[in-house]
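Asker: Note that the protein sequences, when read in sequence, are chains D and P.
Mapping to the numbering used here: the first sequence position 165 is 165, numbers consecutive.
Mapping to the numbering used here: the second sequence position 77 is 77, numbers consecutive.
Treat the hints with caution; some may be incorrect.
Among chain P residues calculated to face chain D with C-beta under 10 Å, some are [what the hints assert, rightly or not]: (1) T10; (2) R14; (3) V16; (4) V111; (5) L239; (6) A240; (7) T241; (8) I243; (9) T317; (10) R339.
Some chain P residues well away from chain D (every beta-carbon gap over 12 Å; in silico) [stated by the list, open to error]: (11) E22; (12) Q31; (13) Q35; (14) A95; (15) D96; (16) A110; (17) E147; (18) P160; (19) A248; (20) R249; (21) R294; (22) R299; (23) D328.
To be clear, the hints were calculated from the coordinates, so they are not data collected in a lab.
The C-beta atom is built at its ideal place from N, Cα and C for all residues, glycine as well.
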Amino acid sequence: MPMDYAEPGADLLAFLRARRRTIMAWVILWQLCRATFWVSVAGLPLPVLGRLIGIDPWFTLGVYPVLTLVLGLALAFTQVVQVRQALRELDLACDRHDLLTSAVEFLGAVEPFRRLALRQAERWLENHAPDIRCLQRWPRETRYVLPGVLLCLSVWGLCSLHGGSAVQAAGGLHLLSLAGKPGKDPTASRPHNALLPPVISVRPPAAVAPLPPTPSPTLRDPQHPLATDPLAPTAFSPTAEPEKAAAATRDGTGSVDGSADPGLASTGQLDRTAADSDAAAGGKVGQGAGSAQGDQSEGSPPVAAAANVSPAAIGAEAHGLPRISDAASQVAAPGRNNAVPRGDPPQDSTPPVSDGANPPILPSGRQQHAGRQGAQHSGGQQAGGQQAGGQQAGGQQAGGQQAGGQQAGGQQPGGQQAGGQQAGGQQAGGQQAGGQQAGGQQAGGQQAGGQQAGGQQAGGQQAGGQQAGGQQAGGQSGRSQQPSGIGQNGALVQSGNGQQPAADGLPDGTGLGQPSGTANSAFPDPMALSQNGSQANGAGQSGNPGQGSSPGSDSGMAVQGNSNANGAPGGGRGVGHVAGGGGTAVNSNGLITRIQAPRVGQSAGSTEVHQVRAPQDHAPRGTGATAAGAYEAVELNKDELEALPPKRRAVILRYFQALREASTPSPIEKGTEP
Amino acid sequence: MTTIRDPRGTDVERAVEAGLSEFRNTFTQLQTQIQRVIVGQDTIVHHVLMAIFLGGHVLLEGVPGLGKTLLMTTLGDTLALQVKRVQFTPDLMPADILGTRVLQQDAGGAVKFEFERGPVFTQIMLADEINRATPKTQSALLEAMQERRVTIAGVSHRLPEPFMVMATQNPLESEGTYPLPEAQLDRFFFKLLVRFPTQLELVEIMKRTTGNSGAAVQPSINSGAQIISWGRLVRQVPLATPILDYGARLLLATHPKEGPAAQGLSKWLRCGASPRGLQAMVLAAKARAVLAGRFAVSREDIAAVAKPCLRHRLLLTFEAEAEGVRPDQIIDQIIEALR
Chain D
1 MPMDYAEPGA DLLAFLRARR RTIMAWVILW QLCRATFWVS VAGLPLPVLG RLIGIDPWFT
61 LGVYPVLTLV LGLALAFTQV VQVRQALREL DLACDRHDLL TSAVEFLGAV EPFRRLALRQ
121 AERWLENHAP DIRCLQRWPR ETRYVLPGVL LCLSVWGLCS LHGGSAVQAA GGLHLLSLAG
181 KPGKDPTASR PHNALLPPVI SVRPPAAVAP LPPTPSPTLR DPQHPLATDP LAPTAFSPTA
241 EPEKAAAATR DGTGSVDGSA DPGLASTGQL DRTAADSDAA AGGKVGQGAG SAQGDQSEGS
301 PPVAAAANVS PAAIGAEAHG LPRISDAASQ VAAPGRNNAV PRGDPPQDST PPVSDGANPP
361 ILPSGRQQHA GRQGAQHSGG QQAGGQQAGG QQAGGQQAGG QQAGGQQAGG QQPGGQQAGG
421 QQAGGQQAGG QQAGGQQAGG QQAGGQQAGG QQAGGQQAGG QQAGGQQAGG QQAGGQSGRS
481 QQPSGIGQNG ALVQSGNGQQ PAADGLPDGT GLGQPSGTAN SAFPDPMALS QNGSQANGAG
541 QSGNPGQGSS PGSDSGMAVQ GNSNANGAPG GGRGVGHVAG GGGTAVNSNG LITRIQAPRV
601 GQSAGSTEVH QVRAPQDHAP RGTGATAAGA YEAVELNKDE LEALPPKRRA VILRYFQALR
661 EASTPSPIEK GTEP
Chain P
1 MTTIRDPRGT DVERAVEAGL SEFRNTFTQL QTQIQRVIVG QDTIVHHVLM AIFLGGHVLL
61 EGVPGLGKTL LMTTLGDTLA LQVKRVQFTP DLMPADILGT RVLQQDAGGA VKFEFERGPV
121 FTQIMLADEI NRATPKTQSA LLEAMQERRV TIAGVSHRLP EPFMVMATQN PLESEGTYPL
181 PEAQLDRFFF KLLVRFPTQL ELVEIMKRTT GNSGAAVQPS INSGAQIISW GRLVRQVPLA
241 TPILDYGARL LLATHPKEGP AAQGLSKWLR CGASPRGLQA MVLAAKARAV LAGRFAVSRE
301 DIAAVAKPCL RHRLLLTFEA EAEGVRPDQI IDQIIEALR
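Excised from the complex, chain D in its bound form (with noise of 0.2 Å):
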């Protein structure tokens, strides 16, 4: 293509004069960019400084633009591009940076091959000039300015705004206040300090909310009266309290050792042979529960079913038991958690019970009181009738109520029998009873003898701790929590997992129990529904201690064993359970029984299930009552309660009063207290 011959070089000239204006401009930029972040960074000392020798802070916040443009244009000044270093700023290819990088130095040749380069380049500026663009080359610095502003800033504010007025209300040096004149107030111009008084903020008294009143409030407290229980595991051992093993050596059937616990489990009332009742338990029981029993597998009725059933139509009943679930309504009624009877027992034999229209209090996952509970089964009754097993025992806890006594421990001959399971009713929903039982069974066996010890709780005790396991209901398996027998029941329930009895956990359940087998049933408990009446025998054997020692503890329902008629000492441990309706019992012979357990609202108070805490937690101490106790008394009317030993008595009168006091709110909960 022919060439313009016209003198080469202006057009590449006006071209980077341009040029260089442009990337001038950017540089500038640059270079205020890196000004701002180096004066932010290193003036962030300045208000410090302003503030201790009283300099004006607009005046130092006046410093930081001046610093920041003198700084940035000193830096623009070194960096000043000149008209041939323009092409360096350029953003253009290799060989077009090339091109003009020849033509810019044959500017102004002679040389024809110079000047033909030169236009060259002019001629491929002509058409794409527009398209260059300068180099963008950001200081790294850049990123940082804006954190570095607003670090700065938060200085200033907060030495400047705060620290300002501090020092000038303290009299400080106002070198260079530039709003202030003589004699004028310095913080009159500067309206932002009226705005930032210091002040000590004191924050008001916080409203307390009352704590709901539990029946063991004081547990925590030291030097509440119910902290100390005298019935704990250390007081129980025999040696300590010989009167309390003796007395629960008169209560059983007579027997010490081994004897069969006519108390509760295998009281008299109840017995039977071991063949017998396993034999009727599971028929009667299951019949009467209204559900298919006789198998364990399926067995479970509604729950809703076994709730209304009353007692008499339990196998328990026919023996003579106690109605426990009027025991229980009578508690639960009161009701909620803190239903406590007060004074005495009350009377009414009505089984209102655990209606599902009265939901236990007992918030899930929280464990409570056998009494508590107790309100919220009712049922407890099912229990027996649902294990096909036979043995079972009494479901009747339901609720917590159970307490031991109630149920059944009478089974086993052996002693096996315990029962504690009640958890049932803690359970309340009696969805889970299953897990309870195990526990409860164990407890008699191991118990048995041992733990009775106290006397009283011993079956409870026990109870609570192998019930643990059973309670696991969830499946959980049971490891019994309280070894002691203070965690009776109630303790163990787990909620939970309701629904379904967690057979698995039966069998560790059972596997606490101790081997014993003596048990002494304290107190024969007339409330065990015990069943099969295998007791009978067993008399001598181990009777439930679950039962007996602990009434209420265990609970029960009781569920036995049956093999072990004639107790063996550690014979069988068959468990039972009950709880609420639903449970798997586990009998000495290792059957497995399974009460569903009852669905929400289905029936009353086996409806719903709520964990109970562990006995040890919540039982009063100092009262001399035990968890177990507390079940126990809740379960009981008063003829009942007369009934009882005169010391077996006075425990439960002592933790009724326990909890009075406790229910009394403290200074804490009314607010009182600063």
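Starting from the structure of chain D, add chain P where the hints point.
Answerer: Chain P in isolation, oriented as in the chain D frame:
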């Protein structure tokens, strides 16, 4: 815009532009003529022609049968230049190449020594398998290649112009060969690697060479003087200082100790290229720029001719040879490092 005209300067510019344009056209024409005979090997042809115009020598490396001799003869026919071929063997003596003095008796019976010119006295000399000759024989070409003259018995004899040595060597056969000394290697303007033809090229070669009629080429240049004039024209292409700086940095980067060799390359390099290598690069870059229609050389031109100009000037270490590192790889890394 300033419209001041310099009639004289403008005329020169026009003349230069016309000359360069003619050069490009001739070059393209020559290349087309040669490619009528030589199938493929476009790069080889391009660089060989470039070397001729720039007065350089070419070392072709490739296995036998790739058409190296054919290329040489075709080149001679196309450029209308005299061509001679010498097969280098171990027993070849320098006199066999340069010539020797022989005793001759004239008509009067007088006896005197007369210089009998060797095959080196030609415009294009093909030194076939140059690495099979002894170093003594190989060194006989040193003066001829660089000084373009031959001195025998104290008498210097100029070689015809243009003069070009096109040597070949077989990279596979190493037995009975004598590697070329660095001094002689440095005198080659380009070292070109003749690649094996592709399938399509092989088919085309068979079509052209297995028939009765061979492709005939027509001379595109009347005389060697025109080649020389164009070569001088190309040498006038200016280079900006930044471009020369780039070339110098590239050359220095090939030196393991003296120059800023690219990271990690020092262990491969025993010795870098000589200034003659930079000369070759610059000249070749100028020719490339002119052939591309540009009046100024760019860094890309330098980089594009770096390999043929430097690959035979780099002495690799034993480790590099043992590990199979090739000079081209090193040059690529240097170029990348300088980019």
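Asker: Next step is simple, just say for each hint if it's right about the structure.
Answerer: Evaluated hints:
Proximity of P/T10 to chain D holds as hinted, the smallest CB-CB distance being about 4 Å (cut-off 10 Å). For P/R14, the interface hint holds, since its Cβ comes within 10 Å of a Cβ in chain D; the closest pair sits about 7 Å apart. The interface hint given for P/V16 holds, since its Cβ lies 5 Å from the closest Cβ of chain D, which is under the 10 Å cut-off. A least Cβ separation of about 57 Å between P/V111 and chain D goes past the 10 Å threshold, and the interface hint is therefore violated.
The interface hint given for P/L239 holds, since its Cβ lies 8 Å from the closest Cβ of chain D, which is under the 10 Å cut-off. A least Cβ separation of about 4 Å between P/A240 and chain D falls short of the 10 Å threshold, and the interface hint therefore holds. Hint on P/T241 holds. Least Cβ distance to chain D is approximately 6 Å, under the 10 Å limit. Proximity of P/I243 to chain D holds as hinted, the smallest CB-CB distance being about 6 Å (cut-off 10 Å).
Interface restraint check: P/T317 against chain D, minimum CB-CB distance 32 Å, threshold 10 Å, status violated. Given hint, P/R339 at the interface with chain D, holds; its Cβ is 8 Å from that chain's nearest Cβ, closer than 10 Å. For P/E22, the shortest C-beta to C-beta distance to chain D comes to about 15 Å, beyond the 12 Å cut-off, and the non-interface label holds. At roughly 23 Å, the least C-beta separation between P/Q31 and chain D is larger than 12 Å, which holds for a residue marked as non-interface.
At the 12 Å boundary, the C-beta of P/Q35 stays outside the reach of chain D, the nearest C-beta of that chain being 27 Å off. Residue placement check: P/A95 keeps its beta carbon more than 12 Å from all beta carbons of chain D (closest about 45 Å). Annotated as non-interface, P/D96 keeps its C-beta farther than 12 Å from every C-beta of chain D; the closest such distance is 44 Å. Interface exclusion of P/A110 from chain D stands, the closest Cβ pair being 56 Å apart, more than 12 Å.
Remark: the non-interface label on P/E147 is consistent with the geometry, its nearest Cβ contact in chain D lying 29 Å away (cut-off 12 Å). For P/P160, the non-interface assignment is confirmed: its Cβ lies about 29 Å from the closest Cβ of chain D, beyond the 12 Å cut-off. With a least beta-carbon separation of about 15 Å from chain D, P/A248 lies farther than 12 Å from that chain, consistent with its non-interface assignment. Here P/R249 stays apart from chain D, with its beta-carbon at least about 14 Å from theirs, past the 12 Å limit.
Remark: the non-interface label on P/R294 conflicts with the geometry, its nearest Cβ contact in chain D lying 7 Å away (cut-off 12 Å). Remark: the non-interface label on P/R299 conflicts with the geometry, its nearest Cβ contact in chain D lying 6 Å away (cut-off 12 Å). Its beta-carbon lying about 21 Å from the closest one in chain D, P/D328 satisfies the requirement of being farther than 12 Å from that chain.
Checked against the numbered hints given earlier, the structure breaks hints 4, 9, 21, 22 and satisfies all the rest.
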